[in-house]
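Peer 1: Listed below are the residues making up each chain.
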Amino acid sequence: MFFIDPHIHMVSRTTADYEMLALSGVVAVSEPAFWAGFDRSPAGFMDYFRQLTEFEPRRAAQFGIEHYCWICLNPKEAEDLGKAREVLAEIPKFLACPSVLGVGEIGLNKNTPNEAKVFQQHVQIAIDAAHQPRDGAKHELILIHTPHLEDKLKGTRMILDMLRDFGSAIDPSRVLIDHVEEHTISLVKDAGFWAGMTIYPISKATPARAVDMIETHGAERLCVNAAADWGVSDPLNTHRTMLEAQRRGHKLPELLKVFHNNPAEFFGQNPKFKIRPIEVQYVMHHG
Amino acid sequence: MEMAQQSPGGLTAVQVLDTYFLEARARLIELAAALDRIDRAPGAGAVRADPRLTFIQDSLQILQRSEPGRARAIQELYSLK
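Going down the list, the sequences are from chains A and B. If you count the first sequence from 1, you need to add 285 to reach our numbering. If you count the second sequence from 1, you need to add 69 to reach our numbering.
So that you can see chain A by itself, here it is in the shape it has in the complex (with noise of 0.2 Å):
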């Protein structure tokens, strides 16, 4: 069994998770840029590209591990408009790394207005950055955080509705929003996005309820992912999400496409990503 976790926050992590990922199976990874824990300065987060760009990849390619990342001013930090301003002229230079996926994981934290309107701009500079002769995709792939528990519901309407501001101007299919749960995931599905659960203690998804999406809701444009960062998290948290499918029958082509295909399908639309989805033939012994 081989897998992608789409969304994991390796800088917190030791290299021995590192190792453990590859001994799990774990032939890539996608990190998008998030809080540190506390607020950096613009020269910081300038740091935090370079050692997203250049020190992880790096790192986890001792274990072979492809590593890929996203660029952002995270959510959290999006309340101060002056902070905004610096760090999001610098993304496009980013943008351009080998490694760099998209824009992400770009969203609202606690739905202020500031949070909405650097929001916005990281959708724009998304589009903006597209306008690159390529393949004719009309935006960098744009990876998107939806609030915390109370502001999840809320936070997730307001991110549609400031999508759908933008017209034609944005790809449903290029667009993933994370940390859905069992009020949201409709919302964004129907909507023709990919969705994102995250499996994380007390806050999120368990494997359980993740099986239960899965089961109803359909696996197309649906991925799962361990977050790993800063709580009391487990890197191996998508794994026992594919037991936890295992256990209630699920078979391995239904499991490659919810744990490695329907993630390289989504970042395979940036050339970048080097993984493609593959196929297992599955025979049924009778008798």
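No wet-lab data here; the hints were simulated from the structure. Please note that a few of the clues may not be correct.
Partial chain B-side listing against chain A, Cβ under 10 Å, derived [what the hints assert, rightly or not]:
hint	residue
1	98
2	99
3	102
4	103
5	105
Non-contacting residues of chain A with respect to chain B, defined by C-beta distances greater than 10 Å in every case (computed) [as the list claims (entries may be wrong)]:
hint	residue
6	286
7	309
8	327
9	364
10	383
11	384
12	395
13	439
14	475
15	536
16	542
17	554
18	567
Bear in mind the structure is a predicted one, so any value in this text is a computation, not a measurement. No residue lacks a Cβ here, since even glycine has one placed at the ideal position from N, Cα and C.
Following the hints, position chain B against chain A.
Peer 2: Frame of chain A, contents of chain B only:
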């Protein structure tokens, strides 16, 4: 000392709520999801009278009591007599 008077490590009620609310919320959602999962499965109607589901429903009644002793009551509910 009466059970109701044993303070949880010196925390006030608000502090206990602050500490444990999110965990309780997560477990309620987990329970709701488990019940939904049963309803989604073939034969859901036939298991409605299963004693294990009756146990869950009776436990939910216990959770609505306003006095302490709920955890013990649920344990006793599930114990062989």
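Peer 1: Taking the earlier hints as the rules, which of them does this structure contradict?
Peer 2: Violated hints: none at all, because every hint is consistent with the structure.
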